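Q: As a plain string of letters, each chain reads:
4 protein chains.
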Amino acid sequence: MKIGVHKVAMAAPNDVSELAALIAAGTVDPARIVALIGKTEGNGGANDFTRGYATLSYQLLLAPLLGLSPEEVGHRIAFVWSGGTEGVLSPHATVLTRDASTVPPVAGDKRLALGIATTRTILPEEVGTMVQVREVARAVRVALAEAGIADPADVHYVQVKGPLLTPASVAEAEARGRATVTRDPNGSKPYARGATALGVALALGEVAEEALSDAAIARRLDLFSTVASTSAGGELTACEVLLFGNAPAATSDFRIGHAVLRDVIDADAVLAAMDGAGLATGSPGMGRLDAAARSRIAAVFAKAEASPTGRIRGRRNTMLSDADIHYERHARAALGAVIASVTGDPAIFVSGGTEHQCAPGEAPIAAIMRV
Amino acid sequence: MKIGVHKVAMAAPNDVSELAALIAAGTVDPARIVALIGKTEGNGGANDFTRGYATLSYQLLLAPLLGLSPEEVGHRIAFVWSGGTEGVLSPHATVLTRDASTVPPVAGDKRLALGIATTRTILPEEVGTMVQVREVARAVRVALAEAGIADPADVHYVQVKGPLLTPASVAEAEARGRATVTRDPNGSKPYARGATALGVALALGEVAEEALSDAAIARRLDLFSTVASTSAGGELTACEVLLFGNAPAATSDFRIGHAVLRDVIDADAVLAAMDGAGLATGSPGMGRLDAAARSRIAAVFAKAEASPTGRIRGRRNTMLSDADIHYERHARAALGAVIASVTGDPAIFVSGGTEHQCAPGEAPIAAIMRV
Amino acid sequence: MKIGVHKVAMAAPNDVSELAALIAAGTVDPARIVALIGKTEGNGGANDFTRGYATLSYQLLLAPLLGLSPEEVGHRIAFVWSGGTEGVLSPHATVLTRDASTVPPVAGDKRLALGIATTRTILPEEVGTMVQVREVARAVRVALAEAGIADPADVHYVQVKGPLLTPASVAEAEARGRATVTRDPNGSKPYARGATALGVALALGEVAEEALSDAAIARRLDLFSTVASTSAGGELTACEVLLFGNAPAATSDFRIGHAVLRDVIDADAVLAAMDGAGLATGSPGMGRLDAAARSRIAAVFAKAEASPTGRIRGRRNTMLSDADIHYERHARAALGAVIASVTGDPAIFVSGGTEHQCAPGEAPIAAIMRV
Amino acid sequence: MKIGVHKVAMAAPNDVSELAALIAAGTVDPARIVALIGKTEGNGGANDFTRGYATLSYQLLLAPLLGLSPEEVGHRIAFVWSGGTEGVLSPHATVLTRDASTVPPVAGDKRLALGIATTRTILPEEVGTMVQVREVARAVRVALAEAGIADPADVHYVQVKGPLLTPASVAEAEARGRATVTRDPNGSKPYARGATALGVALALGEVAEEALSDAAIARRLDLFSTVASTSAGGELTACEVLLFGNAPAATSDFRIGHAVLRDVIDADAVLAAMDGAGLATGSPGMGRLDAAARSRIAAVFAKAEASPTGRIRGRRNTMLSDADIHYERHARAALGAVIASVTGDPAIFVSGGTEHQCAPGEAPIAAIMRV
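Chains as they are written, first to last, in the UniProt record's numbering: chain F, 1 to 371; chain W, 1 to 371; chain V, 1 to 371; chain A, 1 to 371.
This is chain F alone, in the form it adopts within the complex (with noise of 0.2 Å):
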């Protein structure tokens, strides 16, 4: 297995000029496109449309070179977006794309692979429990083999993207005589979260079984993983695991690697997660970037999050109580500048929302670097 990885810069959410152009230059074979993962510029709340806009535009570009309807190409690529683009973070989409190894793979030497995986239809009465909890570890097991990875300690980041409740499927599960963790739309992102990230923790051994009860999830958050990164949609009513680590027979010209964010300035972390994919830079406490380091950068994804506590460095942090702007923005805006700091490129992903991803306030980060 080879995975390409290309960042194209965005204009707008439907200036898909970049990728055309990649792909009219020879540089991405359509075909071989299998997810797009990037940043759009809106505000990342339930009113934000530039995901579907952007979606919808890649959907048009795609659906003539593939010989496809645009739903059809949704189906095929995984897309996932976050949306808001604060402080200095910039609008992109990072394309992956896989492909059969040409040459065969240096023992010892694992390089980046990808496995993709969908559960099952997870119906409302499902979304926030066990049921949830246990399909996702189901679909990771799935990507982890589809990877070529055999030990957990090679799983570096693990995107899930799930539903969340609606109105509409809450009344559906009810008009069944079905009850939902909660009713409160809104309110069951937690739920809808927190099971996906408890559930790629359960297949990569990071918490036991018999810890995990439906009364844990979203409440348990000494329970956690340290490399899922999990988003919910109204749209979706599957999960789709998009999971990325280092695998023997893979022959991509990338390694990744990870390391936990212990707040939104945690310098450290950054070098931490380049340092496990092969930077060699020295540990933490390591020198700043060369330009020959930074351009061996091919792109960082990370969690963003606001101290459960209020403080961050013993110092009162006002996220929480700020009415005109969501916590989510102050801390993206936070981390995206203090990771583009240390990379020099602010085309990097940050999305919120950490329930069971790492321990409270808390955060994963992960790393793809050229070799």
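By construction, these hints were calculated from the structure, which means they are not laboratory data.
Hints are supplied without guarantee of correctness; some may be wrong.
Copies of the same chain are indistinguishable here, so a pair counts whether it falls within one copy or spans any two.
For lysine to any residue, the following SDA-like pairs were computed, each having C-alpha atoms within a straight-line distance of at most 25 Å [unchecked claim]:
1. 7 to 321
2. 2 to 236
3. 7 to 310
4. 7 to 314
5. 2 to 268
6. 2 to 234
7. 7 to 208
8. 7 to 309
9. 7 to 221
10. 7 to 320
11. 2 to 219
12. 7 to 311
13. 7 to 313
14. 2 to 168
15. 2 to 311
None of the values given here were measured: they were computed from a predicted structure.
Let chain F serve as the given structure and place chains W, V and A on it in line with the hints.
A: Okay, now just chains W, V and A, sitting in the frame of chain F:
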């Protein structure tokens, strides 16, 4: 001269308890307080009343201690507030005291000095004109003398607050048959901030008087000071100058340095400002700060600015086109996080609006370090 | 009893000049002031400090006039502020004075009366429970007696301010081994506002005590008062009740009436509230108000609410899904404009949060009219 | 000529299902659609992409039905979107069809007519100048003729969309040695909207050509049209004119009227606009609308504006000083609610920006009523 630097956290704009405690403990003598520079948790805009609320609250604390009315406290002590604690920025005030030295200065060892001066009343028709530039320059020279600084290269930070135009002041000028630079109060900010910054630049020899004219103000942005940090408020009628530098006769426990931020993710400039204050960790590119180095940081003052090109490190930035969050808030969130990631302390002073304060897109940063 | 109603405009949260002028002119006797109800130009959220700033400013005005400390003024006079002047809403305060009658009441002519009462301290573990409901009911009965009102049908507006949970109060309760209704401070608002509203409903016979229980609070929204308007703030420990009605013994120059707003564009209810206060312009459907009728309007108090169904008059509404502007701000902007279009005066009191204050989606409105 | 007016609700910017259903039912013939005028649920600012998303979505619906490409649909049908559904405003589109009359007109009974015309390309250096004024005036005269309207008094609403300056267009002009009215893209909006509005005023005889000059545009605000509603967008290069009026030869089931809103709470003007379209309920001051009258309202188009004096009906207004919510959003929230309180329908078109469209602080409103 001996300058004291005391950072106090604030749990709300009217929380003066930490300064009260420092006074009660004898650490701060209220009679020696000459200035407060701080951040409040408002929106930083025209309808941000947290600044006035904080000023009133400190005036009410100090009035009985000084045997003055609250208004008299306002005349005696300079209050400089910037509203907006975006990202990780934490509400606080840096309280500055000034005292006679009790020990003789060490030859060749320049230490933190502070000079304060005020211009005459600037008439509405003078705001944003060469008259204001020259009056500010005169006040800067007075402050320079008061600080005991002979060499302009020893000046590292000049905070100036001055008037902007209001509907009332425009009407008052017109009633006298005088025209103002603009009739738009909001539109007067760049002129007001720009003219005071050019006053600093003129006094310190950063620009030649011949290069200056009314037409240059807010337009010839290639003319600037690299140590000015200016603001404009409707409540002021004169310009208040706080000049920080290192002076041979000062015996403070602090030194100050400064640098120029190339953009809001320029972590190297943060280190350079401290380096200039004697951190001695090496040149930019040096290692990250250890706990000992961090403990020496007493205060950081910086300006944050959106990129006028709409690009940061070659990537498109959406600050200027965002209709939901003002670009100054994006810029402060980003720069505050980057500085805090270096210093480990989110209680830093970051404000917006940089006309004639460094080149377009660039901004000044100063650091006060314990010796 | 004779109640005075004086509306004063405010040019900023700390502008107390109009009340100062009324006092200087002898129009208002500061010793007779019992309450201020007003709007300030903040965001209405947790980080809205304009309310505290306004309170402090009026306390500083009145303290020397009353020979009290600012704190003592706060204990003597009830301050009720709602932050947020969206749309056309204009910052102002309605100052209420209470005096003994100097003329005998006219038989059968009920006039504006005001009773004020405070509960004992409500412990954190009591917030949002039946204990609070009963304590508020007791205080409402005290206020009813003080106002000289025998018939609950003569009560038209009951403003109640009470405590919400804070991180500190939750911790304090838990340290004593007590559980609170929720550990989430923001999440405690519906319980706190709801329990006080049910206390009003209980005292006025709008709901039967048997129908009430801890489980009903913030859940059984079919139980409500149509005259309660409640708010919750972290700075309070007891509930303060301001009860407005028409009493036989009152000789005020005013009467009060109320109605139920079906939604935020229910102009008929605005007219009905005035009608109830003796406007006598006919039933809903009557003509628009002429200048004479408008000049009789002394004050309007209303609550604004988003439609829980997401629809208004059958059309989809986007308030609840807007991540940029809080739905309470949308609702206040809409209702404030509709009321002002009827009354011709944008200085009206419109606040948000209506748990158990009318049926879901509906809200109370009261009008004080000159006789 | 027979004009059809079909209001379709939208559950999201890409929801075209109601128009699809009208087409499927045979109610709307896609070949007869000439324009869509609607509101989308964005923020109405430069980063509001809901307008483009909605246009693309309708183009994709109509392209296969018309045998055209999506781009060709854009050239054939005029799309006019205003972003921002503040307060109660509800996302929707009013679809306008135009057909030959199948029955002879009744003498003396003027009915709804619609003329559409486009100017030549307006060069960047012409934007906001007399060249643009004259080109728009010429297009208005073409539209007038197309609508079959001889008397300008029969024109009640002229919607014009035209170009604004962008960084690219300014640069392009300067490369050719041409200067633009301003180099600031945002600052070009008043010029662009103002010049198109003056073009309407010139064509309809509302201002004399002698009174106009480049210097008057966006400055001589005493010159205006009372029926123009103009907008400017970076994606346009020519001006598109939609002229609505009542024509003797038209046999539509509708009539149109208009009025001038004195401010955003001017409910009388809402009634007057309908009155002008033949509602016949009496003069301003007439009673509120009954269900029968409301059912005749087909569409309302209005502009909302902040008061330039900062006062509405003598009360201070805080729209212009609010740094959190743009004043256009406040104004739309207020006016939209007032109109909906009269019409009973929140699906109305309210947009912002009124340079030379009525006197400062005033704004146009038009209503299309079923006969």
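Q: List in ascending order the numbers of the hints, as given earlier, that are violated by the structure.
A: 2, 5, 6, 7, 9, 11, 14, 15
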